[in-house]
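Chains as they are written, first to last, in our numbering: chain A, 523 to 1180; chain B, 7 to 450; chain C, 3 to 269; chain D, 888 to 1244; chain E, 2 to 319.
A portion of the hints provided could be inaccurate.
With a straight-line Cα cutoff of 20 Å, these simulated DMTMM-like cross-link-like pairs (lysine to aspartate or glutamate) come out [said to hold, decoys possible]:
1) C:Lys155 <-> A:Asp555
2) B:Lys103 <-> D:Glu1222
3) C:Lys155 <-> A:Glu643
Pulled from the structure, derived: some chain E residues nowhere near chain D, Cβ distances all over 10 Å [said to hold, decoys possible]:
4) Ile4
5) Ser7
6) Phe13
7) Phe91
8) Pro104
9) Leu105
10) Met115
11) Ile120
12) Gly134
13) Val141
14) Val172
15) Ser174
16) Leu253
17) Val286
18) Ala292
Source of the hints: derived by calculation from the structure; they are not laboratory data. Note that the structure is predicted; figures quoted are calculated from it, not measured. The beta carbon of each residue, even a glycine, is placed where N, CA and C say it ideally should be.
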Amino acid sequence: MASTVAARADTFPKLLMANAREFGARPAMRHKDLGIWQTWTWAETAEIVRAYAVGLSRLGLKRGETVAIVGANRPKLYWSILAVQALGAVPVPVYADAVADELAFVLKHADVRFAAVEDQEQVDKIQSVQDRLARLELMFYDEARGLRDYDHSRLRPIDEIIAAGRDALAADAKLGEWLDGEIAATKGSDPSIILYTSGTTGQSKGVVLSGERSIAAATDTVRFDHLNEHDVALAYLPLAWVGDHYLNFAQGLVAGFCMACPENADTATADLREIGPSFYFAPPRTLEALLTRVMIRMEDAGALKRRMFHYFIGVARQYGERILNGEKVPLSGRILYAIGNLLVYGPLKNVLGFSRVRVAYTAGEAIGPDLFAFYRSIGLNLKQLYGQTEAFLYVTCQPDGAIYSDTVGPAAPHVDIRIADNGEVLFRSPGMFTGYFKDEAKTAEVMTPDGYVKTGDAGFFDDKTGQLKIIDRAKDVGKLKDGTLFAPKYIENKLKFFPNIREAVAYGDGRDFVTVMLNIDLTAVGSWAERNNVAYASYQELAGHPLVYDMLEKNVAEVNKALAADKMMAGAQVKRFLVLHKELDADDGEVTRTQKVRRGFVAERYAPLITALYDGSHEADISTEVTFEDGRKGVISARVKIRDMKTEPVPAPMEKAA
Amino acid sequence: MKVRQVIMGVACAGLVATAIYASKAQAADDIYVPLFTYRTGPYANSGIPIANGMHDYLTMLNERDGGIGGVKLNVEECETGYDTKKGVECWESVKSKNPTVVNPFSTGITLQLIPKASVDKIPILSMAYGLSAAAVGKDFPWVFNPPATYWDGLSMIIKYIGEKEGGLAKLKGKTIGYIFLDAGYGREPIPLLEQLAKDYGFNVKLYPVAGKEMQDQSSQWLSVRRDRPNWMVMWGWGAMNPTAVKRASENGYPMDHFIGVWWSGSDDDARGGGKAAKGYLALNFSGLGSNYPAIQDIKKYVVDKGKSQVEKDKFADTFYNRGVYNTVLVAEAIRNAQKLTGKKVVVGEDVRRGLETLHITEARWKELGFPGFAGPLTGISCADHSGHQGAYMQQWDGDKWVKVSNLIEPMKDKVEPLLQDAAKEYVDKATGWPKRTEACDKAM
Amino acid sequence: MRAPDTAPRARVGDVLLSVEDVSLSFGGVKAISGVSFDIRQGEIRAIIGPNGAGKTSMLNVINGFYHPQQGRITFKGRTRAKMRPYEAAYGGIARTFQNVALFRGMSALDNIMAGRTLKMNVNFFWQLLRYGPAMREEVEHRRVVEEIIDFLKIQEIRRTPVGRLPYGLQKRVELGRALAMQPELLLLDEPMAGMNLEEKEDMSRFILDVNEYYGTTIALIEHDMGVVMDLSDRVVVLDHGIKIADGTPDEVKRDQAVIDAYLGVAH
Amino acid sequence: MFYREAGQFKTSYASDQAIFPILQDRIGIAVILVAAFSLPLYANDFILNAVMIPFLIFALASIGLNLLTGYTGQLSLGTGAFMGVGAYACYKLTSIWPDVNIIVWVICSGFFAAGVGAIFGLPSLRIKGFYLAIATLAAQFFLEWCFIRIAWLYNYNISGAIEVPQRTVLGVIVTGPRATSETRYIVVLAIVVAMTWIASNLMHGRIGRTWMAVRDMDIAAELMGIRLLPTKLMAFAVSSFYCGVAGALMVFLWYGGAEPAVFNINQSFTILFMIIIGGLGSLLGAYLGAALIYILPIVLRFVPEWLGIPIHAATVEHITFMIVGVLIVFFLIVEPAGLARLWSIGKQKLRVWPFPY
Amino acid sequence: MDILYSIFIDPFVQMAQAPDLFVQTLWDGLVGGMLYALIALGFVLIFKASGVFNFAQGIMVVFAALTLVGLHDAGVPAFLALLITIAVMFALAFTVERVVLRPLVNQPDIILFMATFGITYFLIGFGEYVFGGDPKVMPVEDFGLEKGAYNIKMLGGLVSLQKLDIVAVIVASAMVAGLGVFFSKTRIGRALRAVADSHSAALSVGISLEQIWVIVWFAAGLVALVTGIFWGARSDVSFALEVIALKALPVLILGGFTSIPGAIAGGLIIGVGEKLAEFYWGPLVGGGTDAWFAYVIALVFLLFRPQGLFGEKIIERI
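Only chain A is shown next, with the shape it has when bound in the complex (with noise of 0.2 Å):
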């Protein structure tokens, strides 16, 4: 079992030694590559990441100096990781898509001395702001393409130092002796990593992890979830997540696990189902993208397979869950899963890429029941968790058996839960950051005095199940004119569970009633529009078409009425609303990286259209400027509708909330 090896180690460096003894011969990591699925084995992974490292430091790194990882998900990068930790080093991973100057403020922040680069695409994101960046010597790259021409007194290609490395290693005995005492001289309570976080506001934040805790943290959920040497994960989430380095980098050396790598972004889906992963995490926009094209596919299906199709469906709906968590179902019910197993959920799965999946999680937001219960019903076993960087993920998570759509489960073992008096949760963990990095006082903020971390989320323990509920961040959670509460995420969350929505931005703190303002969904809708032979020549056209509005307002009178049926909630019926006419874009700084809605920011840029929306217009006009992706910039101009509705009356009357 890796959690012995796990016990002595507390480093990865050390733990990557030790799978290398213990698991040698087994995949340690896989990349579709040249057509094939590279794979190196834990052995193999050792010996490389050794010489890298002892390439690194005859380049001259140093214990303690920083190393900046970007690009995409790739074994070169990870094993840059690994041998700058093995030196005692610290690797800062960036996002891939990290525009220059995000990329500039990290790199500088954290006084890089070297980067591991994917491309030419990043050595010239890189080289544009290079002027900023004083300390940062060397780039190494791990594709050379297109790099032939350019300088390369401060360019090097991954591979020649890794070479570099084995012969120095090859050449002198001593050097490996070196390189295990530097392996071991590193402490578990150095720090193993600073991810940056994205922040919904502001700069990111460096968040500082030790080896010892990341490594605890990383056991308790591999025990908790029974992950072993035989799993396998796929590594497609960015790099620099603190996602993708706990469930994938983490557990991985921990448990033993494959770790495989896509071939690009592109071909992630066709590389899921080739890779058949039996660890599986994805967000909820991911799930329900996948769902929404399961669906719109299918709508081309012939008439018998659909019918078929929606049949199972509802069977898998009916005794689905229940048979996932070991209830009693009656026998018809389980002979008509078994068949719609066969015929469509066994299969569904498989194209899908699921079939050996043991355990999934979902998380980074709240999940839409239906699209909970729909992946759950096939037989996938979902589960959510909730957790943030600066627990190094785990705060919550849903054990076997009791899972719920609406609550993120009880508290992840060796951690403590408690709500603060404000609704705010806060938490202690095994695997809790050790501050941020160059920040004392951003650190003293969100830390307690008797040690647990302000999550910055509202939420609550269900009455019913014991599991944490979260309802918005703590800040966001605001009141109407009159006093109700308002929980904007609350809201929007309803919102999306929509097909045709995919986004929703609520207003209504310190206002009379509340407002939303929706993005469409384009393959939802443009598929809907095809179906009814609605003409449209562009986005903005569908979206502002007078029977997308009419589809939209009923899903929002049903949002109204689940409001309605809150007794807490009821006064926070949506009033009115309109559809943008631009999607919310990351580029634009609209949403952040991982796809979150910055509402501030949103309020400012569309401020012609929220005084529309309380000042009982019909239309109004709105430019505004947008990057594309080349990074040219340009405006749109637009003619924005607004819909008033129709609320649902309040169950009961009930008193002003304090």
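Assemble the complex: chain A is given as a structure, and chains B, C, D and E must be docked to it using the hints.
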């Protein structure tokens, strides 16, 4: 999209189900007589009247006598289209149903089936066609080719020519042209022809007609015109015959010097030539016309009741009667078998013995309702499966065939050694050819 | 993209191929008359001219598909009056075609693998068994082909029958197939015909990359003057089968005969 | 639907290039092979002799023609004659050297057919398409004529036909009338399976690619250094080899004897039908085509009996002709690329099930 | 030496010695060739206008003749039978276009070729089912054609010209001439020619592709009927006639698939060539050479002129 899969599925299921069904053996409470016929394909013109004759006579027995020996005959046609492949397939499909005897009606098919006969214990009755050497009963206990082999036929024709020329000795220096279907069937008589040519000093000219050219034949007949043979002998089949008759008349060849083997003497063969074909000669061993009680019975019990496929004007024409002749032999063999075994329902092994003891005298022909229909068939024995019976010459008078000679006996002395050689050669080449183990019954 | 100075760079070496006084006619119709020019190692050489100028015929002569009635072709120091297509291929000349000439029934991968045929030589017996040396050879060449696939960024369509690909991708696969031959001289017949701006930019990039990364000498026919001027080191201009100009893009651009014959009618 | 490919990933080119890269396909093939080899345990003589043996032999001949026509794009109507060459070669070989294992001769006879095929393939350099097809007709008729005329070929048998002598292999009678249908079936099956495997190997490698290259765009192939004449001749030779072996099997293990008419033009056409209906350029298509064209009429012939409808044998034959004619047109309309394409569409559907694409 | 003599000298000696036979051979070759050409003409018509290599032409000949004779045998007066047969051939053309060609439009040649095999199978089954497989005599007299021959004394011998053959040659020539006029002078004919070059060109003349197909198949059906009458008169009308369609193939090769004069010239070359070969050289190899000689002539021609006698030289372009 869906449709395709459904079709594929149904087709596959159908294939499997039918194949399984087809392979089930039938329970036998009747005498099973499969008839390999061909009413389709390029040789259908010869195949159809024969098929009708065979079918109708056996049906008549069923209708009139309730079968043979009180047991119904189960008559079943299997369409071969004169195609060897389908012939073999027919064999495989009938063999599990206890067939009494198989009449392949194609030399090609016969050749394929001969080796199978002894293994599957089904006798083959290849009436005046097939492998001539099969007349040697010692080597081919399961194959019968009465009343005569092709070689017998050729010798009869030469004898007839000799007669017309005023003695075989007069043949010296004469030229005999031989026009034949360029296949095993047509080539088989050539060795005997060449030997006779040597013996009697006449010249031989060969005019092969490829199967696919048989409707043209103009080059062959041009050559005939050039070579001016004194006599023309034809081994034709199917559509080759009428075309040859037409070409002969067009080229002004004297029709009364043009002689066909018995397979070139159907009404259809000459009819196409019309008046111009008048004088054309052909061998025959079965009766002409419908003036026989049994043929009248067929008309009464079968044709008039609409149980036959024969067209009215083609009833009892030459090849129809040939088919009848063939089934008379079958019926007699079955009767013999019943007598020999004492069983009512007989199978192939029994009928083989019945065939070996076939013995139809003139009186017996009369008894059967065929007075004067054919020459006696008395030569069959365990050693001789052909009988080397004689045949007569018929001549086309412009409308119908007329019998113009008495029975011409074959030159047994010339034929027999060739047969023995051929049989020996066949057995030598076919390594592992089984020795005859079947006992010999006395003729009845 | 590139510095405006398009003078021959250091990478350009000796004469790789020279065409001397070549004439070609079809049943009395002259397609090429007395054309001479050369192509140097490592350069990108463009052949331009109005429609019917004999450009494609020139390429066909170079790789031996047409046999000129007159003239000589010297390739890698060997001179011959006519070349057989497979000799040209063995010698290291590969090409793409004006109208995509892919093997439509095969996948992109198989098309490019087919380009390796010349380099494969395991005997028939092992091919029958598809084992041992045959399989090793297959795998070895697959690796090379995968690198080309990676180079041209066509991973997703590897298994797609080329007939189903959009035109731009077909052109790319065809380039891949030619590259698989590891040619010394690559002939491109209107590599960007029928492409949109974005596809043209991609293709230009690939052509430059090929020239740079593999050091392949390239001769190309192209109608888009902008592309020609950007890409090529030297340009030869044909008109009605006669050479009317030869030189750097700048020189050609200023040549009066060219302006009259070609640029004057350019759109 | 039955395909569960998630998790079937390839870590080497060898496994990625495998003929059956999908596990479920390998299982399917294994099941079919086991069923095929155990067929004699539960099938009767009719199924073996009149259905399976001919089917396999036709499938082999179809593979042969498909290698030439489907893979290399050279239309040939000489298949029947090339089969004949194999049959006569085998007959002569075993007549001259009777002690040599007959299976060796069956295979060797393919080489004679290959030689003859290559000679008649020579015009393919200059002519294409239907013109070539008619040129191969010359081979068909000329060879057919030779089979009739050259008496040496059939050992001067008076019947003009060849009679298969009895031959044993390891003490088991394999040919001749006393060979059991089980033995013959197993021998045919083994040879056909082995040769299918080899054909598949060839088609998945360099040779297959060059052939298909010549088929799809011969000019481009030539300019890539593929020499057309050797390539086409090799295709003719290999194709004829297959046809030759099929011909030898046909006579030695199915008919037990043959006259020249067996190898006539209709045989050539039949096999051409099989590959067109089955699917050009597909080995599976050769099997499917052989099944449809050969087995379907047999089945149709049994249908009236099966349903208990009394119809004359001849009428059944007429109707069979009509139905086969209609089905040919029908299948061409439904899927011009043949049954194999139908199967691959179906398979693709099963693979993406429950999605439609 | 004997062999050389008999190959190179003797045949010519024979020709000289019996010039009447030589003339007779030429005449027979001419007649045969004319009839081959008629079948080839059926192929050409369809190939020219629709690119379909119609293998069913042979069976159409049989089917047309059978219909005619079948009707006549059933007591229908000769000329009414002829009219009905023409109507039947039109119905056939119409059905083929509707049921077979239209759904298969734009498919590769080989698929259409295969489809005509389907038609062949169907017509064989259908024809035999309706008319039976037994041969029928063509009642030539009822169509006002005389049997018998003109025997002309010449060159010290006799040359016999069958009256039917003379009529056949005249009718065949007339049909060729008629079709030639039809193609060059009439609107539909020009459309047909246009369709051979490009389908859209035909549409611009105002005739739909479907109509054109019906017309050419009908025309081919008429040619088949005429062919059937004369071949039927020469032998009998039976399904064995179908195989003569194969003879049209080498004719097509020689003449080219799209040329009407080519079909005639090819037919004559093949007809005369194979008769001469069989008559003078056939005996050297035991005769029967006419089974394959035509194909060998065609093959030899192809090797020197791959595009056929009347085709244009192919310049390959890339």
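Item checked: Which numbered hints fail -> Numbers 2, 8, 9, 10, 11, 12, 16, 17 and 18, in rising order.
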